[in-house]
Amino acid sequence: MTDTIPLVDIYVMGKQYRVPESLTIMEAMEYAGYQLKRGCGCRAGFCGACATVYRIAGDFELKVGLACQTKVEAGMYLAQIPFFPGRKATFDLEEIKPSIAYFAQLYPEVFRCLGCSSCTKVCPQDIDVMQYIAYIQRGDFARAADLSFDCLMCGLCVSRCPAHIVHYNAGLTARRLYSRYIAKPDAFLAQRARAIEEGAFDAELQDLTASDRERLQELYNSREIEK
Amino acid sequence: MPYTPQLRELIKKVEETRPSRVGVQYPRMTPEERVAVLKRFHPDYIEDGFREIKIGVDRGVRMPLEMADVIEAWSRLRGVDLDLNRAPDFDVDVLIIGGGGAGASAALEAQAQGATVLMVTKLRFGDANTMMAQGGIQAADKENDTPGAHYLDVVGGGRFENVPALARALVMDAPLVIKWLEDLGTMFDKKEDGTMVTIHGGGTSRKRMHAARDYTGAEIMRTLRDETYNRGVKIIEFCPAVELLLDDQGRAAGAVLYNLETEAYLLARAKTVIIATGGSGRLHYRGFPTSNHYGATADGLVIGYRAGAKTIFADSIQYHPTGGAFPPQLLGLLVTEKTRGLGATPLNIKGEQFVYHLETRDVESSAIIRECQERKLGIPLPTGIEAVWLDSPLIELTLGEGTIERQLPAMLRQFARFGVDIRKEPMLIYPTLHYQNGGLLIDENGRSTVENLYVAGETAGGIHGSNRLMGNSLLDIVVFGRRAGRHAAMISKDAPVPGALTLDHVHGYHKQLEETGAAGGRVSPMLLPRYTYR
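Keeping their order, the protein sequence lines are chains A and B.
Residues in the first sequence are numbered from 78 upward in steps of one, following the working numbering.
Residues in the second sequence are numbered from 38 upward in steps of one, following the working numbering.
Because the hints were derived from the structure by calculation, they are not lab data.
Bear in mind the structure is a predicted one, so any value in this text is a computation, not a measurement.
We put the CB at the ideal spot given by N, CA and C, even for glycine.
Mixed in with the good hints there might be a few duds.
[To be verified] Derived list of chain B stretches under chain A, where covered just means 3 residues or more per stretch with a C-beta under 8 Å from a C-beta of chain A:
hint, segment
1, 203 to 209
2, 267 to 280
3, 321 to 331
4, 449 to 461
5, 496 to 504
6, 515 to 526
The shape of chain A in the complex, shown without the other chains (with noise of 0.2 Å):
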């Protein structure tokens, strides 16, 4: 590969490493002989343990994207922030409502968002992180949960937050809210469930399970299919 693919300098903790132009970040520090233990996990943006910031030689702005999800460029300095020591509010689900009150006991600091807008500048998944922020502190849980929902909580608009502000566990806390309370039930679900309990579907499975290869090859062949 790195016959044909041009290599760039990048510069991992202020060390130098050449590197094919190709690779992602993580790859590229793998490539410069890194076995990592923090700073990676699902290798497919999912899992937000791989928050890295970074700045091109000759710029003075401060990047920010993950490692398995950004490109090296020639001249890039980087750092990540495998750890973000944010805090989490525990509370019984069952105990709390969707409301404003409730929620500025478990965060207060959400009611202290400055409106600089960092947050959503730094979001490495293009979310509006301040205004889910403000959707909570509105009590519009709906909003702030179908707004906050493609959140990796990898811990980067914390960091930049001068009011600290923990945008992720926040945003997390109003969709369990929303959908435990705010969205309904689904009603045939819990019919279906207790149906279950009762023993409603114990003989079906019964013949089933006692049921022989070849019958169930017929049974299995021969099913109606759902259009």
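The hints should help you fit chain B onto chain A, whose structure is shown.
Showing chain B alone in chain A's frame:
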């Protein structure tokens, strides 16, 4: 690297045939055709990828070479001086090894039963394949569906080899699990009136795939994790178990833990142990790229097997039909089956469909491999590999513009990051190593063949026979995580604190390795894959 001019030229053929494909259903394979394509093209049937292992309780059993390599290996504790008689660092009722969906479910349930719980995990709590499962979770909770219909799909998909009691537990608990998750505040896709939105997955006879956009596993994992924190369960991250401890009766009684950062060994004593360490995609069977998490290195399988737990279907590996093939940064990454569930179809270089888009995963993968290897109708890529198209713009054409943004935000974002707009351009895909169908044999309470040792999640085997259906893995981790947690807590209630802790099973294993010379210089569990190039 966005699509090259050559690939753009080929996309024109896809666009040409697209209008004629709208609303047209490609015929499903007959049962005979399914068997035929599997036998010729599925990697499970390619003999030189396997060998019989020489040691342990399953001596003579066939395993993929890469799995056999970690099974036939020395313990990390060989030559390490450990005093097992000292006071243990931790003393609990239930020790849970692994912090994915199965471990979290087990922890919540065990603690709810009153047990003291310790969870240890190699990476962060929540670093697991659970987090990456996109498409959905199955449960028969609609009026036109029954657990029986789900059961038939499970065993048909599993080539009729599933352990009946396990498949039964899976389908019967499914609606209870969805209800449990709903009550915990998991944000499932719902209609206004609360009805769960469900679609088909490969091999389903009813639309029973529940989703949370295409972050289904992430949504379940972060909810379970949040709840585990709320309940105050003790969790130690970056601290894998490297060997199980047994008592003088040969029962599981704890584990030797390893602090990845300080490299210190710690002793955890427990009345019961639950292995929930996930699968083994990072062993890269047959050189395949994988959709799996960084930590999927078969650690639990290795230490469980050394302690005497039997395996089942260890030679059955799932290749997901739609792994990313291009741009190169997406190689092996999962393209969720929900993409096909919404109607995207696989196409060859001529822009023609060659297989029904929702065959079971094993069959769909085999058909894609056949299209490239035998029929030579794959798309050659600048990276030197071949792929087929997955026509995602067809979704927008049939279900309306905006469907992809609403239903597949993760996919849209992931491809956009590397220069491909999947609303307008088809994706390039090829099968990727996805799942370990087998594992350590369990019963319906999650018990392994070693007393007081439980297994839940991908490390466990028997539930899915030799091929798992989409949406049954997120289901299985919660079903069997909860069952194992509940049963382990119950057993721990009346059990005395284990007596002398031993590693005699490891010494015995080493003796076999010495006699057979099977291990060479290999050491396991692997813990971390090595991708360094220098």
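Structure-based check of each hint:
Three residues within the 8 Å Cβ limit are the bar, and the segment 203 to 209 of chain B against chain A gives 4, so the coverage statement holds. Under the rule that three or more residues need a Cβ within less than 8 Å of chain A, the assignment of the segment 267 to 280 of chain B holds, with 3 such residues. Residues of the segment 321 to 331 of chain B lying with their CB closer than 8 Å to a CB of chain A number 3, which satisfies the three-residue condition for coverage. Look at the segment 449 to 461 of chain B against chain A: 4 of its residues bring a Cβ nearer than 8 Å to a Cβ of that chain, three or more, so the hint holds.
Remark: the segment 496 to 504 of chain B is not confirmed as covered by chain A, as 0 of its residues place a Cβ nearer than 8 Å to a Cβ of that chain, below the required three. As drawn, the segment 515 to 526 of chain B meets chain A at 0 residues by the rule of a beta-carbon pair under 8 Å; below three, the given contact is violated.
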